[in-house]
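Undergrad: Chain by chain, the residues run as shown.
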Amino acid sequence: MSVGCGRDSDAITIISREEGSGTRAYFKSTVMGDTLTTDGAILLPYNGAIRNAVAGDPNGIGYISRGYVDSAVIPLAIDGVSCTLENCQAGKYPLSRPLYFLTSGEATGVTAEFINFCLSDAGQTIVADEGYIRQEGKPWDSPQKLIGNISERGSTTIQPLAEKLANRFMKLYPEVTITISGGGSSVGVKSAGNGTADIGAASRELKSSEMEEYPDLKTHVMAYDAVAIIVHPDNPVHGLTTGEVAQIFGGEIADWKELEFVEL
Amino acid sequence: MNRYLTDKLSHWVVLLCAFVSLLILALIAIFTFQQGFPAFREIGIVQFLTGTVWRPGQGEFGILTMILGSIYVTLGALVLSTPLGVGCAILLAEVAPHQVRGILRPMVELLVGIPSIVYGLVGMMFIVPLVREIGGTGFSILAAVIVLTAMVLPTVITISEDSIRSVPQKYKDGALSLGATRWQTIWHVTLPAARSGIITAVVLGMGRAIGETMAMIMVIGNAIRMPTSPLDPARTLTGNIAVEIMYAAGIHENALFATGVVLFVLIIALNSIAFVTRQREQEAE
Numbered sequence: 001m002s003v004g005c006g007r008d009s010d011a012i013t014i015i016s017r018e019e020g021s022g023t024r025a026y027f028k029s030t031v032m033g034d035t036l037t038t039d040g041a042i043l044l045p046y047n048g049a050i051r052n053a054v055a056g057d058p059n060g061i062g063y064i065s066r067g068y069v070d071s072a073v074i075p076l077a078i079d080g081v082s083c084t085l086e087n088c089q090a091g092k093y094p095l096s097r098p099l100y101f102l103t104s105g106e107a108t109g110v111t112a113e114f115i116n117f118c119l120s121d122a123g124q125t126i127v128a129d130e131g132y133i134r135q136e137g138k139p140w141d142s143p144q145k146l147i148g149n150i151s152e153r154g155s156t157t158i159q160p161l162a163e164k165l166a167n168r169f170m171k172l173y174p175e176v177t178i179t180i181s182g183g184g185s186s187v188g189v190k191s192a193g194n195g196t197a198d199i200g201a202a203s204r205e206l207k208s209s210e211m212e213e214y215p216d217l218k219t220h221v222m223a224y225d226a227v228a229i230i231v232h233p234d235n236p237v238h239g240l241t242t243g244e245v246a247q248i249f250g251g252e253i254a255d256w257k258e259l260e261f262v263e264l
Numbered sequence: 265m266n267r268y269l270t271d272k273l274s275h276w277v278v279l280l281c282a283f284v285s286l287l288i289l290a291l292i293a294i295f296t297f298q299q300g301f302p303a304f305r306e307i308g309i310v311q312f313l314t315g316t317v318w319r320p321g322q323g324e325f326g327i328l329t330m331i332l333g334s335i336y337v338t339l340g341a342l343v344l345s346t347p348l349g350v351g352c353a354i355l356l357a358e359v360a361p362h363q364v365r366g367i368l369r370p371m372v373e374l375l376v377g378i379p380s381i382v383y384g385l386v387g388m389m390f391i392v393p394l395v396r397e398i399g400g401t402g403f404s405i406l407a408a409v410i411v412l413t414a415m416v417l418p419t420v421i422t423i424s425e426d427s428i429r430s431v432p433q434k435y436k437d438g439a440l441s442l443g444a445t446r447w448q449t450i451w452h453v454t455l456p457a458a459r460s461g462i463i464t465a466v467v468l469g470m471g472r473a474i475g476e477t478m479a480m481i482m483v484i485g486n487a488i489r490m491p492t493s494p495l496d497p498a499r500t501l502t503g504n505i506a507v508e509i510m511y512a513a514g515i516h517e518n519a520l521f522a523t524g525v526v527l528f529v530l531i532i533a534l535n536s537i538a539f540v541t542r543q544r545e546q547e548a549e
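Chains Y and U, in that order, give the protein sequences.
Number 195 in my numbering belongs to position 195 of the first sequence; there are no gaps in the numbering.
Number 490 in my numbering belongs to position 226 of the second sequence; there are no gaps in the numbering.
Hints are computed from structural coordinates only; laboratory data are not their basis.
Cβ coordinates follow ideal geometry from the N, Cα and C atoms, glycine included.
Where hints are given, some of them may not hold.
[Claimed, not checked] Chain Y side only, calculated, beta carbon under 8 angstroms to chain U, not exhaustive:
hint, residue
1, Thr13
2, Glu18
3, Leu43
4, Pro45
5, Ala49
6, Ala90
7, Pro94
8, Pro174
9, Val176
10, Val187
[To be verified] Quick list of simulated restraints, FRET-style, between CB atoms:
hint, chain 1, residue 1, chain 2, residue 2, range
11, U, Gly366, Y, Leu36, 40 to 46 angstroms
12, U, Ile378, Y, Gly251, 33 to 39 angstroms
13, Y, Pro233, U, Val364, 41 to 47 angstroms
14, Y, Asp234, U, Ile288, 49 to 55 angstroms
15, U, Gly321, Y, Lys92, 28 to 34 angstroms
16, U, Ile335, Y, Pro233, 36 to 42 angstroms
Can you make the complete structure from the sequences, with help from the hints?
TA: Dropping the structure here:
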């Protein structure tokens with residue numbers, strides 16, 4: 001087999017997120033366990049950067065939020081379950097996780113209405129449309145008129161989804177302005193905790209240190225997201241087990257040739 | 265009386281400006297050192313500077329790999345951009361006809377204005393795959409050096425050209441009238457006379473190189489491992505701060521500020537070396 005374009009080596013290029021990323025924290029707890037990511041891994045700070053890097057490298061492998069997957073990369077089947085929306089929705093795909101909106105205390109006023117909108121059937125339909133995993137819509141009595149400003153900050157996994165939700169909400173209520181910004185899950189927790197944002201976004205659970213620092217934080221599961229393990233479209237490998245993924249990212253399997261698979 | 269007053273006043277205004285800029289510099293230095301100090305105390309300066317393992321989650325903080333990463337890319341960019349930049353400066357100042365220079369010089373100056381994220385993007389999409397053809401993953405010191413060279417070149421070219429241009433015409437006339445060829449004149453008279461200006465150009469380029477962050481993050485791979493070849497990925501000091509500061513808290517945050525302190529000291533050291541060299545050059549003249 002030859003995966004590389006004009007190269008003899010099929011050495012795997014491991015592309016990971018940086019320490020502190022919510023996606024990395026989830027990947028570590030679910031896939032890696034106690035195995036440390038090899039120190040030869042390329043580290044890039046955004047979902048999109050990892051997708052572009054894998055799209056450009058025939059031997060690359062990376063992990064990103066399913067919402068970022070496009071035709072330039074192939075999401076691998078994990079433990080025999082392909083990363084389709086149906087499988088994720090049905091809870092069969094092993095790597096899915098809740099995404100959180102965080103507020104300091106119970107949300108009030110226009111912020112509460114926005115969160116309720118996101119959890120409603122209309123909001124969850126947008127969630128599914130964007131490639132994330134929806135939940136049962138909660139009933140929501142949409143008010144006639146709303147005025148105000150909302151700021152949301154945090155997880156880059158949630159960012160594109162939050163933008164879509166905010167745009168729809170602002171269309172419904174033209175006098176509401178919502179600003180969405182990124183920064184990562186830890187920034188989301190901090191911002192909601194210290195009140196610099198009305199809503200914080202996190203793609204991981206709160207750490208115990210964070211709960212101690214900000215005891216008032218309320219979490220709202222706003223959607224579920226699958227973490228896709230992605231490879232280049234030319235790569236003949238189309239599925240791995242969770243154990244193999246951990247061995248690859250741990251540096252134990254360093255070459256695509258070491259993997260047994262059915263050639264297509 | 266009136267004239268005397270405005271004179272006095274402008275004196276104080278200028279003094280105030282100087283004082284404010286110094287104050288800003290001092291405040292930044294004090295704040296960085298103050299935030300970084302706890303890291304030096306808890307980790308130990310030697311452990312921090314010579315450690316090769318950086319795992320904030322496990323409480324391991326060693327930045328030697330990043331110090332080397334920063335030094336390698338800066339030196340690499342220096343080695344490539346100095347001959348290229350000075351060569352281009354000679355062309356602009358001495359060789360190119362007036363019209364050609366009128367087009368080239370603004371184009372070079374335009375390069376300075378391109379945001380570094382754009383350099384990073386182009387580097388990631390074009391340079392990284394190119395380097396991959398040679399070997400490795402493409403995310404590498406070599407890719408970083410190529411991108412940095414492109415970023416540093418405009419600074420080296422414009423300042424070198426200015427200093428070559430400011431060499432008095434009578435020096436060159438003297439050499440030519442003694443029978444030296446045009447090239448001999450440039451090599452033996454003009455360039456030595458412009459030397460201190462060229463050193464300034466290189467030092468300013470170096471400052472830009474070591475401080476560059478965004479473009480580096482996108483092409484160097486940010487891996488924390490001792491680089492052993494130009495095709496290996498590495499992490500720079502600036503990249504380390506930029507990638508992790510968003511998440512950092514407690515000792516991790518202090519360690520990132522301490523990284524800033526190291527960067528600060530490194531830049532001061534580089535500038536001092538350059539300052540002393542230039543001083544010697546000027547004395548020799």
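Undergrad: Grab the minimum C-beta distance from Thr13 of chain Y to chain U and call the hint holds if it beats 8 angstroms, violated otherwise.
TA: holds (4 angstroms)
Undergrad: Go through the hint on Ala49 of chain Y and say holds or violated, using the shortest Cβ distance to chain U against 8 angstroms.
TA: Since chain U brings a Cβ to about 7 angstroms from Ala49 of chain Y, closer than 8 angstroms, the hint holds.
Undergrad: Within 41 to 47 angstroms: is that where the Cβ-Cβ distance between Pro233 of chain Y and Val364 of chain U falls?
TA: holds (46 angstroms)
Undergrad: Just to be sure I understand the hint, the distance between the Cβ atoms of Ile378 of chain U and Gly251 of chain Y should be within 33 to 39 angstroms; is that true here?
TA: Between Ile378 of chain U and Gly251 of chain Y, where Cβ atoms are some 37 angstroms apart, the hint holds.
Undergrad: Given Ala90 of chain Y was flagged as interface, is its beta-carbon under 8 angstroms from a beta-carbon of chain U?
TA: Since chain U brings no Cβ nearer than about 33 angstroms to Ala90 of chain Y, farther than 8 angstroms, the hint is violated.
Undergrad: Given the range 40 to 46 angstroms, decide if the beta-carbon distance of Gly366 of chain U to Leu36 of chain Y lies inside it.
TA: At 58 angstroms between Cβs, range violated.
Undergrad: Tell me if Pro94 of chain Y is really an interface residue toward chain U, meaning its C-beta lies closer than 8 angstroms to one of theirs.
TA: violated (23 angstroms)
Undergrad: Double-check Pro174 of chain Y for me: the hint is only fine if its C-beta lies closer than 8 angstroms to a C-beta in chain U.
TA: Violated, about 33 angstroms.
Undergrad: Given Leu43 of chain Y as an interface hint, is the shortest Cβ-Cβ distance to chain U below 8 angstroms?
TA: Holds. Min distance 4 angstroms.
Undergrad: If you take the shortest Cβ to Cβ gap from Pro45 of chain Y to chain U, is it below 8 angstroms?
TA: holds (5 angstroms)
Undergrad: Using Cβ atoms only, decide whether Glu18 of chain Y comes closer than 8 angstroms to chain U, and label the hint accordingly.
TA: holds (5 angstroms)
Undergrad: Quick check on a hinted range of 28 to 34 angstroms for Gly321 of chain U and Lys92 of chain Y, using CB atoms only.
TA: holds (31 angstroms)
Of the numbered hints listed earlier, those contradicted by the structure are 6, 7, 8, 9, 11.
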